[in-house]
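These protein sequences, in sequence, are chains A and B. Residues in the first sequence are numbered consecutively from 1, following our numbering. Residues in the second sequence are numbered consecutively from 1001, following our numbering.
None of these hints come from the bench; they were simulated from the model. Keep in mind that this is a model prediction, so the values were computed, not measured. All the pointers check out, no bait thrown in.
Label-pair distances were calculated between CB atoms; the ranges are:
hint	chain 1	residue 1	chain 2	residue 2	range
1	A	D210	B	T1183	38 to 46 Å
2	A	A87	B	L1130	40 to 48 Å
3	A	L44	B	D1221	57 to 65 Å
4	A	Q39	B	G1150	53 to 61 Å
5	B	S1152	A	R186	54 to 62 Å
6	B	S1260	A	E230	21 to 29 Å
7	A	Q135	B	E1105	46 to 54 Å
8	A	V121	B	S1048	35 to 43 Å
9	B	L1130	A	F202	47 to 55 Å
10	A	L51	B	R1143	51 to 59 Å
11	B	S1035	A	R96	16 to 24 Å
Partial list, derived from the structure: chain A residues whose beta carbon lies under 10 Å from chain B:
hint	residue
12	A86
13	V89
14	E211
15	G231
16	V237
17	S241
18	A259
19	H261
20	N265
Just so it is clear, CB atoms sit at the ideal spot from N, CA and C, and this is done for glycine as well.
What follows is each chain in one-letter form.
Protein chains: 2
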Amino acid sequence: MDPPPGLCCNRAMPDAKPPAAGGADAAAPAAPAFSPLYQQIQALLTRSLTLGEWKPGEALPSEPELAQRFKVSQGTVRKALDALAAAGVLVRRQGRGTFVATHAEAQVQYRFLRLMPDQGVREAMRRRFLDCRRQRAPAEVARALGLGGGDSVLQIRRLLLAGEAPVVLDDIWLPARLFKGLTAERLAAYRGPMYGLFEAEFGVQMIRADEKIRAVAARADEAALLGVAEGSPLLLVERLSFTYGGRPVELRRGLYHTASHYYRNELN
Amino acid sequence: MDPPPGLCCNRAMPDAKPPAAGGADAAAPAAPAFSPLYQQIQALLTRSLTLGEWKPGEALPSEPELAQRFKVSQGTVRKALDALAAAGVLVRRQGRGTFVATHAEAQVQYRFLRLMPDQGVREAMRRRFLDCRRQRAPAEVARALGLGGGDSVLQIRRLLLAGEAPVVLDDIWLPARLFKGLTAERLAAYRGPMYGLFEAEFGVQMIRADEKIRAVAARADEAALLGVAEGSPLLLVERLSFTYGGRPVELRRGLYHTASHYYRNELN
DNA sequence: ACGCATTTGTTCGTATGTATT
DNA sequence: TAATACATACGAACAAATGCG
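Let the sequences and hints guide you as you build the complete structure.
As structure tokens, this is what we get:
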């Protein structure tokens, strides 16, 4: 924890306490109380991203610039950037720069959608928005999104279609406070993925998501919308999406018709 | 491509050709024809792992030793090791060493099983082996595993139970050539995950897997084994597992009863 | 078409910190 | 306490990709 042999003032954070001397060595798993320099830089970068200093798709300053700004070596900046790139927050491109990851680019369109067709390659699906209303958050939704009892949410219902066949029925809940002015018309008018709209129009960037997947039987209304028989098996995908700092900002309940599509996953 | 300013003979591979001079710069995407040093080291390490020079759970030589062996700097070795650790092939432990990843350790038991209970924490499930027979590979299985028409496979059928309730029905196909002498008795006798047995007894290490997930209706026989009504929705998880070098060595078709469990996935 | 400046990627070397035995 | 191993941090140099003049 001592400053490197170079100049003084090499610390980028207030000051980390030395690891607690003495006492039992039963270190609580969630109490490092200090962190390596590159993780501090990583936290500072994350904070700047949160504050919108660099917006999705934009380039960050070059490595030497960041090194100078934080008063650390280029290698340390690089390690922080690599970690953020590994987490999908940044994208590095040799010879061009380091960019803020975005959902709006064609190359990585539908970053979070794991549905693949049995035959052929994945193509953009058609969207049909069925509903978009503002309402008091149901208890379960409020709990998942960390909202208070009185807060309201936007509920969006939409279909994704491959050709003429409906494949996905999504119900989406968003904190109304973060998405003021979002309407079905704006959703329908936007070209590109919904998460791109969230980034560009509302400054909400989805960084990570957790999904719980089950098989369920189609209810009558769901079956009608998806064009399947009532009771047909459907994939239920409950997704909770997070923005910077691990804050949940979207709950999504998707029903996937998996007759000619499947959910793809890679394990390692 | 020139040797670094240090000593001579700094190349660890026969000799990489210089990037094709002249000609259109339309570099074919699948023809790098050369690679950075650390990737060459990574390939050499992978080869040694394939050959069993270090077995699952064992420690590799230390970084300085590997650096000396491959005639590169410790930093380059480190980058290769980090890449393999990121891929899940190795596990690094500060102060102890770098170890070959294994499916047999309690800490990471069931590396590939993403099934979680709705309530409580994940616990080891009971296994019940229903069948283990040798047969000619069905066409579909042969194709997935890259086998010839005449090759035979072992087919294993088993249940996983949480408490008394069956939750997973697995059908597993393995190339018989790689798993000579595998019987239901040996499977039942082995403590720990099946992949641990494959590692320890047959030297087959599962590195990676692809899964295709769908919702299907339970057939009569499947429903009976899982204790659900015929036609109940079940999660169908088709897994193709790979060993070193991307060689497929296991096909698995799992039916998950997702009433009180779910398939967990993280996106980023 | 060519070269130049910029930016990330790779590689080396060295020193020090932290965890484990 | 000492030895060993991985982790962090610094600095320097060159390679490869990109974009611009």
